[in-house]
Amino acid sequence: MAVETKFVVVRKGEEKMTFASKKEADAHDKLLDLAEAFTDWLLQSGMQMDETQAENLGLYLAEQKEAVQHILRTSKLPDLNAATATEKTESDVEGGKKIRAVKAA
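Counting from 1, position 14 in the sequence shown corresponds to residue 13 in numbering that gives the first Met the number 0; the numbering is continuous, with no gaps.
Source of the hints: derived by calculation from the structure; they are not laboratory data.
Careful, some of the hints might be misleading.
Unchecked claim - Okay, derived cross-link-like pairs now, BS3-like style, lysine-lysine, Cα gap no bigger than 27 Å in a straight line: (1) K5 / K21; (2) K64 / K29; (3) K22 / K64.
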């Protein structure tokens, strides 16, 4: 019999994702926190959008956090080639390990 440890991200009583490590689960939880903050901010903006649109845009902005920060700092779009090189460098540093998420049942 094998024993497996799984880390589950739960939001508002609903299982969102299951991860193989605590580090990955914490990173996803922080992403969801940021997405929620963006969503609340968008809903308070007074712009014409429904909650689903605000949630989708909030999640997208959270996922693209580095690009958003770059644009705010430089007022320019990030170089896509530089972003790809950075991702490769980061994965090389981590030993080529990729984050593996398991969809919650």
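| query | Which hint numbers does the structure go against, in order from smallest to largest? | reply | The structure conflicts with no hint, since it agrees with every one listed earlier.
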